[in-house]
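Participant: Given chain L, work out where chain V should sit, using these hints.
Sequences listed follow chains L and V, in order.
1 is the number of the first residue of the first sequence in this note's numbering; add one for each residue after it.
1 is the number of the first residue of the second sequence in this note's numbering; add one for each residue after it.
It should be emphasised that the hints constitute simulated quantities derived from the structure, not laboratory data.
Please note that a few of the clues may not be correct.
To be verified - Across the chosen pairs, the derived CB separations fall in these ranges:
{"#": "1", "chain 1": "L", "residue 1": "Gly130", "chain 2": "V", "residue 2": "Gly44", "range": "21 to 31 Å"}
{"#": "2", "chain 1": "L", "residue 1": "Ile66", "chain 2": "V", "residue 2": "Thr60", "range": "36 to 46 Å"}
{"#": "3", "chain 1": "L", "residue 1": "Ile106", "chain 2": "V", "residue 2": "Ile41", "range": "21 to 31 Å"}
{"#": "4", "chain 1": "L", "residue 1": "Glu184", "chain 2": "V", "residue 2": "Leu48", "range": "51 to 61 Å"}
{"#": "5", "chain 1": "V", "residue 1": "Glu61", "chain 2": "L", "residue 2": "Ile48", "range": "38 to 48 Å"}
{"#": "6", "chain 1": "V", "residue 1": "Glu61", "chain 2": "L", "residue 2": "Gln190", "range": "51 to 61 Å"}
{"#": "7", "chain 1": "V", "residue 1": "Tyr55", "chain 2": "L", "residue 2": "Gln122", "range": "47 to 57 Å"}
{"#": "8", "chain 1": "V", "residue 1": "Leu48", "chain 2": "L", "residue 2": "Asn177", "range": "45 to 55 Å"}
Positions of the beta carbon are idealized from the N, C-alpha and C atoms, including for glycine.
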Amino acid sequence: MLSKGAYYDEQQSDEKIIHFIRRHPLSMGSWIVSIISLVVALIIPFVIFQEDIIKGIFISKNIHYIIVTIACYLLLIFAVSLTSWINYYLDVIVITSNHLVNIKNIGLFRREVSEQNLARVQDVSSKMNGFWQTLFRYGTVYVETAGEAPNFIMENVPRPYKIANTIMKLHESIINNNSQITQEIFVKKQNNNLINKKVNNNNKNINKNSINNSKINQPVANLTNTSKNNKSLIINENTLINLGKSQDFKKNKYSQEGELQEGQEIKF
Amino acid sequence: MINKIKKYLIYLLPIIFLGIIFFLIISYNLYLYLFYLTYVIIFGIYSLFAINQLYRYSHTESTIRPIVIIYTTVSGTVIVLSVILLIVTRWSLYA
Numbered sequence: 001m002l003s004k005g006a007y008y009d010e011q012q013s014d015e016k017i018i019h020f021i022r023r024h025p026l027s028m029g030s031w032i033v034s035i036i037s038l039v040v041a042l043i044i045p046f047v048i049f050q051e052d053i054i055k056g057i058f059i060s061k062n063i064h065y066i067i068v069t070i071a072c073y074l075l076l077i078f079a080v081s082l083t084s085w086i087n088y089y090l091d092v093i094v095i096t097s098n099h100l101v102n103i104k105n106i107g108l109f110r111r112e113v114s115e116q117n118l119a120r121v122q123d124v125s126s127k128m129n130g131f132w133q134t135l136f137r138y139g140t141v142y143v144e145t146a147g148e149a150p151n152f153i154m155e156n157v158p159r160p161y162k163i164a165n166t167i168m169k170l171h172e173s174i175i176n177n178n179s180q181i182t183q184e185i186f187v188k189k190q191n192n193n194l195i196n197k198k199v200n201n202n203n204k205n206i207n208k209n210s211i212n213n214s215k216i217n218q219p220v221a222n223l224t225n226t227s228k229n230n231k232s233l234i235i236n237e238n239t240l241i242n243l244g245k246s247q248d249f250k251k252n253k254y255s256q257e258g259e260l261q262e263g264q265e266i267k268f
Numbered sequence: 001m002i003n004k005i006k007k008y009l010i011y012l013l014p015i016i017f018l019g020i021i022f023f024l025i026i027s028y029n030l031y032l033y034l035f036y037l038t039y040v041i042i043f044g045i046y047s048l049f050a051i052n053q054l055y056r057y058s059h060t061e062s063t064i065r066p067i068v069i070i071y072t073t074v075s076g077t078v079i080v081l082s083v084i085l086l087i088v089t090r091w092s093l094y095a
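Looking at chain L on its own, in the form it has when it is part of the complex:
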C-alpha cells in the first residue's frame, strides 16, 4: 500500500494532485471481448444440447476429466479477468502541481513509472483517432519535453484536449512563477549592490572626516569610544564627533581642560 494520501511512490508532501486519470474503460475492449467469448464458449454447448449433455456428463465414465477441465477453465477465466482488471486499475496518469507521472502496469511482473517535470514541457498535443475514440471522446496526449528526456505519451485517456490544455496551463503558471522569483532575486541583488556601494561611499567619507577630525580635535575623537550606538554627525568644518542622542562626558585623561568638564551635557 502506498503511504497515506500518496498517489505514487515518489510524491512530495507539498505536491497538489491536479488530475488523477485512468485509461478509458473502452480501451480494455479487447480484454472484455476475450473474457466474454471465453464464458460464452463454455455456456453455448449447454444451451444448445441442454439435457442431453448434462445427463451424458453424469453418466459418462470420464466425468472426472470433465469436472477437472471445467474447473481449470473457470479458474483460467478468473485469472485472466483479474490480470486485465489489475492492468486497468494500476495504469494511471497523475498530473500534480509540479510533475507529470505516467505509471504503466504490463502484466503482473512489469511496472514502469516515468516522471517528468512540468517546467521542462515544450509542446503538448492531443489526438482522437477512429470511430470509437471520436464517439466516446478518448484519445492520446503527446507531451514533448526539453533536452534528451523521452517524450510523454498518454494513451487512451478520456477528454485528451482538456488534459493537454491543463498541462499547458500548469506549465505556463510554473514558468511565470519561476520568472517572478528570478526577477525578485535579481532586484534584491541589485538593491544589495546599491546598498553596499552607498555603505562603502559613506565609510570612505567617514574615514576621510575622521582622519581630518583626529588632526583637528584629538580629545573629542577619544571620547567617541564611550558610546555603543554611534552616529556620525558633522558639527562644523573642523569637528566630527561620533555619539548617540546625548552624552554625559566624564573626565578623561585625554580630554582637554577648559573645553570639556565633568558632568557636562552636550546635545547634538
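Facilitator: Structure of chain V alone, referenced to chain L:
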C-alpha cells in the same frame, strides 16, 4: 466455545482439504488429480501475487477490497465445488 471451534477449524480445514485431495489421488486417477492439484496451487500463488500487487500499488483500499473478496470467494467456491463433485461422482461410480 465458538472461539475454540474457530481455532480448531482453522487448523482442521486445510488438513481436511488436503486429505480429500490425497484420497482422490490414491483412489482413482493419479495423474489427473496430480495435474489438478498442481494447477490449483499455481493458480493460488498467482492470485496471491496479484492481490499483493493490488494492495501494494493501490492508493485506496476501499476500492480493491470488494474486488478481492469477490475474486477469492468465487474462485474458492469453484475449487471446493469441483472437489466435492469429484468425490460425489467417485462414490456414484462405485455405487
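Participant: Any hints this thing doesn't respect? Which numbers, in order?
Facilitator: 1, 7
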